[in-house]
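Asks: Full structure from sequences and hints, please.
Here are the chains, one letter per residue:
2 protein chains.
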Amino acid sequence: MVYFDNASTSYPKPECVYTEMDRCLREYCANPGRGAHAMSRTAAQGVAETRAIIARFFNFGDPERIIFTKNATEALNIAIKGSLRRGDHVIATMMEHNSVVRPLIELEKENGVEVTFLAGDMYGEVTPSDVAANIRRNTRLIVCTISANTNGIFMPVAEIGNIANRYGIPFLVDGSQGAGSVDIDFKAMKINLLAFPGHKGLFGPQGTGGLCISPGIELKPLLQGGTGSDSENPSQPQVLPEALESGTLNTPGIIGLGAGVFFINQVGRQNIEDHKQRLITRMHEELSIHPKIHIYSSKEPGKNSGVVAINIDGIVSTHVSKILDEQYSIATRAGLHCAPFAHKALGYTAKGGVLRLSVGYFNTQDEVEFTLHALQEIADRSVDVPYELKTHQCIQCGACSRSF
Amino acid sequence: MVYFDNASTSYPKPECVYTEMDRCLREYCANPGRGAHAMSRTAAQGVAETRAIIARFFNFGDPERIIFTKNATEALNIAIKGSLRRGDHVIATMMEHNSVVRPLIELEKENGVEVTFLAGDMYGEVTPSDVAANIRRNTRLIVCTISANTNGIFMPVAEIGNIANRYGIPFLVDGSQGAGSVDIDFKAMKINLLAFPGHKGLFGPQGTGGLCISPGIELKPLLQGGTGSDSENPSQPQVLPEALESGTLNTPGIIGLGAGVFFINQVGRQNIEDHKQRLITRMHEELSIHPKIHIYSSKEPGKNSGVVAINIDGIVSTHVSKILDEQYSIATRAGLHCAPFAHKALGYTAKGGVLRLSVGYFNTQDEVEFTLHALQEIADRSVDVPYELKTHQCIQCGACSRSF
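Residue numbers (full-length UniProt numbering), protein chains in the order written: chain Y, 1 to 404; chain G, 1 to 404.
Among the hints, erroneous ones may be present.
When chains are identical, the list treats them as one kind, so a pair holds in a single copy or across two.
Simulated crosslink set (DSS-like; lysine-lysine; CA at most 30 Å straight-line) [to be verified]:
#  : residue 1 : residue 2
1  : K220      : K344
2  : K322      : K109
3  : K190      : K303
4  : K109      : K220
5  : K303      : K322
6  : K299      : K220
7  : K187      : K344
8  : K344      : K303
9  : K109      : K303
10 : K344      : K322
Keep in mind that the hints were calculated from the coordinates and are not lab data.
Replies: Following this line, the structure appears as structure tokens:
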């Protein structure tokens, strides 16, 4: 099996992630921060080590200002809903994932928050001047993905950070598609809030994610509950990280995440980025010469976090993905990728989304060649493919009318 | 090491939990519900199987009305905040954990929700008639733990369910301390919302939990985000489970949880309950005759989910726990147990909480005898123990002033 769905979740994980998670579960998986016994302290120490390694990895400060969440979606919801109040204005890009779009639309509908979604160029990249031009007196948050999940395009995050900083507006970055291979420097990029998933480029398991919160930013928690501290207080304590980490943490997951970041440090983040860049450059090279294949991702080095988004004339993306899966055992993702505005921005909604090939560190040149060959075969015989375009066909169960 | 901290998180887990999680991570841990390729379908099928086995285990109906959360705290927050509006009244007990108390106090302070916390008998058990007597015209939710985490006392959940049902008031049960060993029959107990942790009695890993939602109950989500479905819709879809499961699920954790429930079914839930009952009966038998030991848990069979809460004259609970840990390698938890009102109800706050011995299926009679012997030794020499009562001493780092 060839796995090109790393933008959904990375697979496989480094061996150390498997072994450290198993060791944690078997040897010391007590409740961290909930007891004073030796095993609980060992678990708490493991969690603290992951906080510390992540703080260093993103050039962030105090590890205690990193909160662990179940995924990047929770981190983004905490950052967005914890920041904005009725009457506030927020700027985001049209390339944001539904983990940003849906909370914003909810606040717009229910809480009177004003939202501006910025369109970008042919790949969706916004310009910093466009961000500056849309700042209002009541702009209280700027949200930007570091790289779009649909086509991998990078956003000019450092430049937007400069603008946000100049206007004193908190800057939230969604690191979902970059964290792990892309250089994310919290301080240099003038980020105030960085949401990240654990299970993508950072090589942790699913069930992990987090939010780095710069000093001075106070977020209202979405959850209240036991924090293991200040137990006699029936109100939520205000000290980080507990204030935003109610309930038992995912200790084995966080240990796995720490192992994942350790692996990146061992290999070298730049080497991972370079490897991915080589793979997508080769994909671009070959796919761009096929007359029936359209590419929606930038081939410019440094402009793509590892995604090649394409369509093949005459055949809807979900069916290309299905053929790749069934006939070649190649795992990809097709459709709208939980980013409705991104597709509108790029203009291919009507075609049923795009086929996304997302590469990871464990992909090889041979896998790329095999996949290019498969795509060329499918494109060459696309006129013969009997599938029809069904925008509301369920590609998961085949029976219901949900669209993906 | 002897582990008597199962009420915090169960340890160890059954072997099948370790092996199935590792197998999932290594072999098929794609993103469930986010792609149509074979590995994603396998992951989705594994998640669906856990939903199904849990639905059967609790005699619940449609598995699709079970949502997975990161812990019971998230499930309780979704149930409470998703149900209550300004001006509503809610009834809870004083034995609730902070995962119930803190969301309710937050709603009381910020959203004008009225809350009644009911006191119970000497063990905190409330009477159904007290619940009925406190129902108002605007009562919109009754919340009750199935068993208190401080001392294990059972609440008359079936009777309260009958009352709630008669008045048409949604009934939320916190299954944190019962689920797995206690018979929780969703339909027979007339429960409408059942929150459960995955990592305690159900033997799953940390990072898992869930909420069973009866038909007719609609909850407003706390998070919006990608659901893998209805991608072109910038608003949250309303269909369960996706509506309340934004972002990537904890697939390996959910697989482990399924394996945990499978293990319970193999052993027999009643056998687990009986085993735990035997252990706490023996503890009661021996501890109740020591003049310096006070027991705060019921010894009546069927009245205790597996907790023996005690104090030893002249020595604060956190220090008994410390001695047990350091000198006997016995893991327990002491202090307030994230349940401030429970301790007030039971009247031992001033003593710095209680020492909690919480048993699990993997504990043995020998471990109980060894622990009883240790406690007797500590109690016998308690006058010589140099520790002082410091209610605000941090028992985790020893340096800060946080209380636990």
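Asks: Hint by hint, note whether the structure agrees.
Replies: Hints, one by one, checked against the model:
| no. | hint | result |
| --- | --- | --- |
| 1 | K220 - K344 | between (33 Å within a copy, 28 Å between copies) |
| 2 | K322 - K109 | neither (37 Å within a copy, 52 Å between copies) |
| 3 | K190 - K303 | within (20 Å within a copy, 57 Å between copies) |
| 4 | K109 - K220 | both (20 Å within a copy, 14 Å between copies) |
| 5 | K303 - K322 | within (28 Å within a copy, 55 Å between copies) |
| 6 | K299 - K220 | neither (41 Å within a copy, 42 Å between copies) |
| 7 | K187 - K344 | neither (33 Å within a copy, 46 Å between copies) |
| 8 | K344 - K303 | within (20 Å within a copy, 60 Å between copies) |
| 9 | K109 - K303 | neither (34 Å within a copy, 48 Å between copies) |
| 10 | K344 - K322 | within (23 Å within a copy, 60 Å between copies) |
Going through the hint list in order, the structure does not satisfy hints 2, 6, 7, 9.
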